[in-house]
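Enquirer: Sequence:
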Amino acid sequence: MTESERPRGSKEPLDTAYDVALLDLDGVVYLGGTAIPGAAEALRKAGAAGMRLAYVTNNAFRTPAAIAALLTSFGVPASPEDVVTSAQAAARLLAERLPPGAPVLVIGGSGLRMAVRERGLRPVSTAAEQPGAVVQGYSPGVGYSMLAEGGLAVAAGALFVASNGDLTLPSRRGSQPGNGSLIQVIATATGVQPLVAGKPEPPLHRESVLRTGARNPLVVGDRLDTDIEAAHRVGTDSLLVLTGVTGPAEAVLAPPSQRPTYLAKDLAGLLEPHPEVTVKDGTFGCEGWTARMSGDQLVLDGGGERIDGLRALCAAAWAQAGDTDGYVSSEAVQGALDRLDR
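The opening residue of the sequence shown carries number 1 in this note's numbering; numbering runs sequentially from there.
It is worth saying that the hints were derived from the structure and are not from the lab. Among the hints, a few may not be true.
Said to hold, decoys possible - Straight line, CA to CA, 25 Å or less: simulated SDA-like cross-link-like pairs of lysine to any residue:
no.: 1; residue 1: K11; residue 2: A214
no.: 2; residue 1: K280; residue 2: R306
no.: 3; residue 1: K45; residue 2: E272
no.: 4; residue 1: K45; residue 2: K280
no.: 5; residue 1: K265; residue 2: E96
In this text, all values refer to a predicted model and were calculated from it rather than measured experimentally.
Modelling step: build the complete structure from the supplied sequences, incorporating the hints.
Expert: Written out as structure tokens, the structure reads:
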């Protein structure tokens, strides 16, 4: 059993152990347009401790200034320079592959057009302008005519880049098609899959590090398949917070490529040390909790802070990683999760 196969401990608070927090937004700082309780205060304290805060989002529609204004309305310390978007990462991908001033057909909103222009490229709207590339990001205004122009340009040989590949977009009415679904229109019509800039692909992380000068960053997110997997792909430590998409069951059942370095119930986890998970004779302990496999079931005993029980459960489940699926079954952990909730 190695430390990487269980949640890691930290003797010092994370806001002093790492120089930059690369923070996801929806599900971490706010949820559905409402600030998550305690998030703003935790971020102010982390900043006061010397940690730089960067807000990293797959959202290519809003400009950094608009995102910063939204954050400050929640009491979160943020300026446009603190915001890193998938539009900016996509624009860098384009600038590295095209000559200055090259025309780029932009399918998306003002955030994407601005990012392309800031990289010295020329946004255009039709295939007749012979763009060197097509870049697509989510916008509620994307329609057939824009997709048709993009498809014609890609079919003619233009480079195809997508800001992000999120298949769905959360809304108050439920999940709606995201950019990852919309890019399939051009991909299906042309047989060309785009280069993707956003999480979990590495370009957005690279953009974040370049903009912040981070030497020892910590990725903070609520999604295993974007935030945490992105950290794995670039070899960066991560903190999973339980204020958004991922719940305890998903954390326990996470495959190796989506297991966080640290677990916390919310952003207050940046401000405190994290207890070590110990192991002895197949039993994993964290503070007052112990977790172990008994036959084909995961068993949780003890008591204390719920997050410590989850840390012990994750360690016990992750240790059972097989050669094929990499995690235990949901049936094996249900009883332990019920015990945790009690």
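Enquirer: Against this structure, judge whether each hint is valid.
Expert: Against the structure, the hints come out as follows:
1. K11 with A214: Roughly 21 Å between the alpha carbons, so the hint for K11 and A214 holds.
2. K280 with R306: Roughly 21 Å between the alpha carbons, so the hint for K280 and R306 holds.
3. K45 with E272: Distance ~11 Å between K45 and E272 Cα, so the pair holds.
4. K45 with K280: 36 Å, violated
5. K265 with E96: 39 Å, violated
Of the hints listed earlier, those the structure fails to meet are numbers 4, 5, in rising order.
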